[in-house]
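Here's the letter readout for the chains.
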Amino acid sequence: MNFFIAAVRRDLLLALRRRSDIVNPLAFFLMVAVMFPLAVSPESKFLAQVAPGVIWVAALLACLLSADGIFRSDFDDGSLEQMLVSPQPLVLIVLAKVLSHWIISGFCLALMSPLLAMMLFLPSEGLGALVLSLLLGTPTLSLLGAIGAGLTVGLRKGGILISLLILPLYIPVLIFGAGTVQAAAMGLPIAGYLALLGALLVLSMMLAPFAIAAALKISVRG
Amino acid sequence: MLEVKNLFCERDERVLFSHLSFGISAGEVVQIEGQNGSGKTTLLRILCGLNESYQGELFWQQKEIAEVRDDYFSQMLYVGHLAGVKSTLTAEENLAWMQQLDPALDKVSIAEALKNVGLYGFEDVPCYTLSAGQQRRVGLARLYLSTAPLWILDEPFTALDKKGVAEKEALLAQHVFNGGSVILTTHHDLNVPGHTVRRINLNEVARS
Amino acid sequence: MKIKLPQWFYQLASPRWFYEFSGKLLPWFAIAAFVLLITGSVWGLAFAPEDYQQGNSFRIIYVHVPASILAQSCYMLMAIAGAIGLIWKMKMAHIVAKSCATFGASIAVMSLATGAIWGKPTWGAWWVWDARLTAMLVLFFLYVGVIALHSAFENTQSADKASAVLSLVGLVNIPIIKYSVEWWNTLHQGATFKVTEKPAMPPEMWIPLLIMVLGFYCFFAVILMQRARIEVLQREKKASWVQEIIQQSL
Amino acid sequence: MGHFATFADFLQMGKHGLYVWLSYGLAFAIFAYNIVSVALAKRQFFNKAKRQARREQSES
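Chains as they are written, first to last, in our numbering: chain A, 1 to 222; chain B, 1001 to 1208; chain C, 2001 to 2250; chain D, 3001 to 3060.
If you are wondering where the hints come from, they were derived from the structure by calculation, not from laboratory data.
Below, in silico cross-link-like pairs of lysine to any residue (SDA-like), each with a Cα-Cα straight-line distance of 20 Å or less:
{"#": "1", "chain 1": "D", "residue 1": "K3042", "chain 2": "C", "residue 2": "Q2247"}
{"#": "2", "chain 1": "B", "residue 1": "K1163", "chain 2": "B", "residue 2": "L1190"}
{"#": "3", "chain 1": "C", "residue 1": "K2238", "chain 2": "B", "residue 2": "Q1055"}
{"#": "4", "chain 1": "D", "residue 1": "K3042", "chain 2": "C", "residue 2": "S2249"}
{"#": "5", "chain 1": "B", "residue 1": "K1162", "chain 2": "B", "residue 2": "G1118"}
Throw the hints in and build the complete structure from the sequences for me.
Next comes the structure, spelled out in structure tokens:
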């Protein structure tokens, strides 16, 4: 457990030293949400209708883009090799890295989402559901994204490939996440949606770390 | 301690080595020789489980390595081409993380290890302000901390000056004297005081 | 992880044995595929009765449904072969998995395209966000991902292992994706006309369908074996038995 | 002609002829693509092997 906390602390410290890791996904999130009214229509009624979907898609893309970097610097400077030859379980290291990635991407996105909700005229009933659904859904996105990151970390053209691999896997989270917000905005109960998002999170927490560890071993060992 | 039996490895349809067998016991230094591209790095990576595209068997304390992985990893120290040093962290933070990763690193304090590699006073500077040689030394400070009996070192002396090399050689000698063993590759003429170095030439192995 | 496997499994694991064995099987499968596909199409096109609601456009079912079923089982086979390759380090399994990927993608395209064509007369639009079609589209994306990942690696072994991991992740996800898409579909659309959930079909309708499904599977077996054989030759081209085959072909 | 009275009827398929024949044509095209691509890959492999054999012969 001490080791797990130390590993999370190290990654958060690294992110804090390089502010862009934290700021870039947030800026991207905001910009996508700004593009949308410009491209389609600034009319408040229309925007209120599509806001849940737009915010969720923007959050999903922001998570995906930052996922590419989860293992990249560790791979480049040899830290990943050291993790593989250490007696510490790789699954634990992987979980720590995913957790810290979530804190700097998904968690911050969830905190920032009310701002976007306001800009896109999301009905106030949907606000709590938006934050909750993002808090429950983005960890799954981080876990799945890390699988793609692990598989492509040794490749030169990682960036676009990872979206090809991972976006299809994001679909269930997107459907239930945006569904939560839509239901809340219409005044419907959301407990069922949240339970589904939670179930997805539990399932991916149980399986994804092993897939990520296997992917990293393949990327490093060749 | 470590035994290699009948190792075969090819890369890009070229045989790097075949029928390679050797063992290393406590108190031994083995230097892997060979031209560039003869597979020295590949061999070391196979030995520490970072390359799986080989045929043959590896034994650690008479047991197959795959079965005693955790035990093996906790008694083996690997320093590769890449130092595994994060440039945005300070030397001290880097070593603290390495200690977390490898519980066998605890012989002396981090401050003392950094002093030993001549980085006294550089503990709390981010590593990107250090020179290449200094960064390399941060990675090598691990050797002063390590209690692992087996060291696997890939070109440990690159980017070091003469004095640094001599110091590292003395460190190797002490490690071997205490019953440890070392497998390494280097372009230097290795001189470990008080010990003979066993050499394995990969070019000769490939031909056989 | 050390499970003892039967002898034939290890034989199958030998590329040479596979090459020789599949060579004997191939003509039979090819004949079966040809006969079944011709019989099925003629029966389906000319002899089966028309549907009382959809008229003759119903006849598309005889290519659309077999393609959809095959696209899914092909993915399953790919993922299972990948798992076998990962666990037992079996060369042949990876070769089969790789051969599945390209074929599966093409058959998913067939399912999507015939589904879209069928959609035009039944729903009045080329594309409808129907749950089955959407799920098939996602399956196609999964295939594309596996193919793209495999081709991104220079080293064949890493490529095999990485795509095996990805296809296993996809296999776990397919039921979840299907469930979520169906659920999303019922949420957004009223009861659309469900093509495949109809009261029991009369035998004149489902017998040709069955024949077509069998024909598709036989064709799959033919293409899979052919692709795997070429892959075997490529990967083993330094082996003496492959050299002999090349010499004979000169 | 089984279900249909005349061959023209068969081609027309009520008013759905275009869709039915389009999907069968497409299915056939994809089948053909698979067969042709396999055959091409096979020929490519043997051609390459032959060229290599010739190269080795001229070298020795």
